[in-house]
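Enquirer: Add chain F to chain U, keeping to what the hints say.
As they're listed, the protein sequences go chains U and F.
Take any residue in the first sequence, note its place counting from 1, add 3, and you have its number in our numbering.
Take any residue in the second sequence, note its place counting from 1, add 3, and you have its number in our numbering.
Incorrect hints may have been included.
Result set (EDC-like, lysine to aspartate or glutamate): computed pairs, CA atoms no more than 16 Å apart in a straight line [as the list claims (entries may be wrong)]:
| id | chain 1 | residue 1 | chain 2 | residue 2 |
| --- | --- | --- | --- | --- |
| 1 | F | 6 | U | 182 |
| 2 | U | 307 | U | 173 |
| 3 | U | 6 | F | 182 |
Bear in mind the hints are in silico, worked out from the structure with no lab data behind them.
Note that the structure is predicted; figures quoted are calculated from it, not measured.
2 protein chains.
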Amino acid sequence: MWKPDRQSKKPLYEQISDHLERRISYGEFPPGSLLPSERKLAEQLGVNRSTVIMAFAELRSMGIIESRTGSGTRVSRTKWGAMPKHTPNWSRYAEGGSFLPNLPFMRRIREALNQHPSLIDFASGELSADLAPSDEITTLMNEHRYTSHLGYDNPQGYIPLRQALVSYLDKYRGIQTTESSVMITSGSQQSLYLITQCLLSPGDAVAIEDPSYCYSLPMFQSAGLRLFRLPVDQHGICPEDIRSLYKKHRIKMVFMNPNFQNPTGTVFSIERRKQLFDVASKLGLPIVEDDPFSLTAFEGAAPKPLKSMDSNGSILYIGSFSKIAASGLRIGWMVAPHSIVERLADARQQMDFGLSVIPQSVAAQFIKSSYFHPHLERLQIQLQFKRDLLIESLQKELPDLVKFITPQGGLHLWCKLLHEVHDGKLLEEAIKRGVVFVPGSVYGSDSGFVRFTFARPKTEEIAVGISRFAEALRALIVS
Amino acid sequence: MWKPDRQSKKPLYEQISDHLERRISYGEFPPGSLLPSERKLAEQLGVNRSTVIMAFAELRSMGIIESRTGSGTRVSRTKWGAMPKHTPNWSRYAEGGSFLPNLPFMRRIREALNQHPSLIDFASGELSADLAPSDEITTLMNEHRYTSHLGYDNPQGYIPLRQALVSYLDKYRGIQTTESSVMITSGSQQSLYLITQCLLSPGDAVAIEDPSYCYSLPMFQSAGLRLFRLPVDQHGICPEDIRSLYKKHRIKMVFMNPNFQNPTGTVFSIERRKQLFDVASKLGLPIVEDDPFSLTAFEGAAPKPLKSMDSNGSILYIGSFSKIAASGLRIGWMVAPHSIVERLADARQQMDFGLSVIPQSVAAQFIKSSYFHPHLERLQIQLQFKRDLLIESLQKELPDLVKFITPQGGLHLWCKLLHEVHDGKLLEEAIKRGVVFVPGSVYGSDSGFVRFTFARPKTEEIAVGISRFAEALRALIVS
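Same shape as in the complex, but just chain U:
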């Protein structure tokens, strides 16, 4: 993004006022709209607040902006054109719609990461750049031609990728299916979005693990769903809880992440799986199985998906490359009965007209290639190494203040804080010290938990990051 040029002879404040004047005159900030605060702009542009104050004074003297105490700085209504009061009230439009904004903590984290790219990031639920198979993918991209078909794609997804996934699902996940049952999506996120928007109606009750990734997604509330909780212990949820939720609230769907659950890392136990199928089949209840982490299993075989035992057809299966290869490919998939695939492919055509063939084609080449398996093995070893580094650091820095179960796969460690601390204050103290994490309450859990994504920071950042986090935590406990 634009930054003032420190080599230029023009003073910084003048560069900034020129830049803002341009953005205002181009319509980015229409008459009457609020400008970012002096503090925020100073952070964004990497200058002192006093420089921004001078730039604002310049714009004020030209009649371009107006400041009123307590209500911030706005673009003048009188300066622009003859009837400036009739510019559309854009901020009212921005507040409209039935779509809820992201959770405040998630927005705050994203904002902090945008402004300070150097923050040590235990928050973003993805692999660090060095864990992605970039070289392998570059090689494949140079070996193949991906542009033979640049028209609109089949709304169910690129057929060669669906065919490649049928083999992948059989070999790696024990799932037998056909390409006509597979739909390609923009990551698990879009699969969940399509399910909540198209298969459920506002007012419907659904059951969700507690804690769960799903609580971090306002999409469930945006779809008008009523959420009910299935507490997760070290063996996962208790299937009997589903039965009682069904009796009380007629829940219409269950959302689960059985293997290396996000955020707790739990693997749903074999015994309870049997009970789950029993309950689901008795109630005719569909289970959405989100399975992004299984192939990260640090030791031994990857835990099987529910779908591989789904003799009764109760499972909608969701998978993705985001957590095992590269989130930037934006490739996920769903395995579902014919009527569901047809419905969702039709709806997605209205939303985005399908995905670009290029990343789909790259993904198909990658899973069919001889690079795929070695990549997975390397990933498992490196993730385990990072997990161990995180655990060492926590044990060294905070032996008396945290408790956790060591995850055997996945990207995250779910950490209980043994002292009561205010979630938001802890996050701000951490950001001040140059580190971010996700407060547990984002996942619908009681406060007093933190999710550390050990996959995301660079190896050399983990110890530093935890030492900063420890400082932040101790600052709050002492004060």
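Expert: Relative to the frame of chain U, chain F by itself:
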């Protein structure tokens, strides 16, 4: 997709019954669900209907399926597992949700094209494969590395692409903006989806051109919007109509495609543009300007967008590569005030977590490259050539039966039928003869119109396609 192997010693009907048994046992067709009809399956698999009848008989004898007169063929409820009646009622879920299915004609066209890829396609609103810059893009992909960043992207879009678009918009569209006002979307489709979902609320009234592409998009109804019509004549809409709709229905937004309007090909006149800005500014009404076709202008300069004259900040501008380069890149953009971009980027993160960096990066290289301008010039010449071929064919085959205004840009020709014909029957007759088009009623217009996309068929298909269409039309007029 799967087809029976005609070289195999196994009879076709057995291959088909085995294939269906597999799909049923894998859960694609759960117990109780409806199978495709014999006719449809025969079409899909490219076999005689009698072969499918034998395959069904085979499955019936094994107790896997059941047929009842008048209600089609279903998967048996009794064969699979102990409590088969408790498989989720998937078809009920498929009917749920507030998202409307695509229009029947659009579904029928897609189905026909899937089943018979050899149909001559005047229906799909895109370029033929030979008009896409595939070689240029392949060269660029081999020259650059696109995998340096394979993590989640900025939800507003890849910054280098936004920067490239700022220059593009200035140079080609006379729009001055900054990268912070630009948002990248999955084509115009996603821009419209985000606007209708996030900036408007169910029950809101909006104004739409008549006829308009927008009527082909159930997304407007899915968002619960009330649609009001702005009739298009040869100079576009009449801005005074906006004023009266505002008085009567308090419309909250206007959707327009001012240049080479889809489907009519009209260019909104200079005089009416002035009136439009006047009305919009008096009412404080936002105008969504969809501008996908301008750069196809066959002769002379591309018509300017409204946004380039938008001194009052009334316009939300939408652009895309789909109609001028390749729809398969899935790259579109929006230029909007800050508050709108923030809101929409936040919402889109919940829907799909942003686009893959790969096609964004390719698109950025392409518009910055020396290939871009020559590609546009070649495209204009070839589109004009195809338009002329279409017009010649229509004049030769149907001189007495159709009337149209020659479009000066865009991909479509809007054709009035001088005899009354049933839209649906005409489409079926045409499909039978190996050609598809879009019936005018899809665009909300009175029946008696047809949209021909001359950009989509191959050059050598145009005359044959129109001769088939002429046969279909004459068959209905005679009978």
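Enquirer: Can you confirm whether the C-alpha distance between residue 6/F and residue 182/U stays at or below 16 Å?
Expert: holds (12 Å)
Enquirer: Hey, residue 6/U versus residue 182/F, does the alpha-carbon distance stay inside 16 Å?
Expert: holds (12 Å)
Enquirer: Do the alpha carbons of residue 307/U and residue 173/U lie within 16 Å of each other, as the hint requires?
Expert: holds (11 Å)
Violated hints are absent here; each numbered hint is respected by the structure.
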